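Student: Here is how the chains run, residue by residue.
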Amino acid sequence: DGGITQSPKYLFRKEGQNVTLSCEQNLNHDAMYWYRQDPGQGLRLIYYSQIVNDFQKGDIAEGYSVSREKKESFPLTVTSAQKNPTAFYLCASSLQRAAPEQYFGPGTRLTVT
Amino acid sequence: GQQLNQSPQSMFIQEGEDVSMNCTSSSIFNTWLWYKQDPGEGPVLLIALYKAGELTSNGRLTAQFGITRKDSFLNISASIPSDVGIYFCAGQGAQKLVFGQGTRLTINP
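Line order of the protein sequences matches chains A and B. Quick note, the first sequence lines up with residues 1 to 113 if you use my numbering. Quick note, the second sequence lines up with residues 1 to 109 if you use my numbering.
Hint data in this document are derived by calculation from the structure and do not stem from the laboratory. As the structure is a prediction and not an experimental result, all values here were calculated from the model. It is possible that part of the hints are untrue.
[What the hints assert, rightly or not] List time: in silico PhoX-like cross-link candidates among lysine-lysine, alpha-carbon distance up to 25 Å:
| no. | chain 1 | residue 1 | chain 2 | residue 2 |
| --- | --- | --- | --- | --- |
| 1 | A | Lys57 | B | Lys96 |
| 2 | A | Lys70 | A | Lys14 |
| 3 | B | Lys70 | A | Lys71 |
| 4 | B | Lys70 | B | Lys51 |
| 5 | B | Lys70 | A | Lys70 |
| 6 | A | Lys71 | A | Lys14 |
| 7 | A | Lys83 | A | Lys14 |
All chains, full assembly: derive it from the sequences and hints.
Tutor: This is how it looks when you write it as structure tokens:
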């Protein structure tokens, strides 16, 4: 089955620790995205990547970092510099950057205490 | 930046009723998408609209791309319990996908 996987589903960390969220896709999509979702709000773009070894900041990139070493993988690191990291994180992919249809993974809920 | 206003924010309906929701923007979009999100899951793409005036159906769901290219509408006919969730509109502008705040649909049996 083709799709996007995110792991883990739930993640708990202490304040001051960096944490990396996994995102893998086997759809052969070129573009991948990370969004943050807070209760009662829409999705906000953190980072996106159009192609391997290239990525761009989205609207709320501060305190986050990404890498795109393989087409299938786009991990997100939430650093200790992110002031309010507790949120639901969603990874998505699209065939190309210009293709509007984005397909989402199941999400990772990160709780930092 | 570009923003979408989605309304209503929440709806409480009886099973079997029809549902209507919409999104409006001050900016023109080239594509409109509608997603449904179940609690604790990622959004699932329901319908994509590619040109002004387009009307597209997916089962009991019907969506329209507004003629001004600044709005879109989603209708659900004869609602059933599994329609419960949050519905998001998204507009594709020049650079990125912009999401509405969501409409939370609750169905009373």
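Student: Which earlier hints can't be squared with this structure?
Tutor: 2, 3, 5, 6
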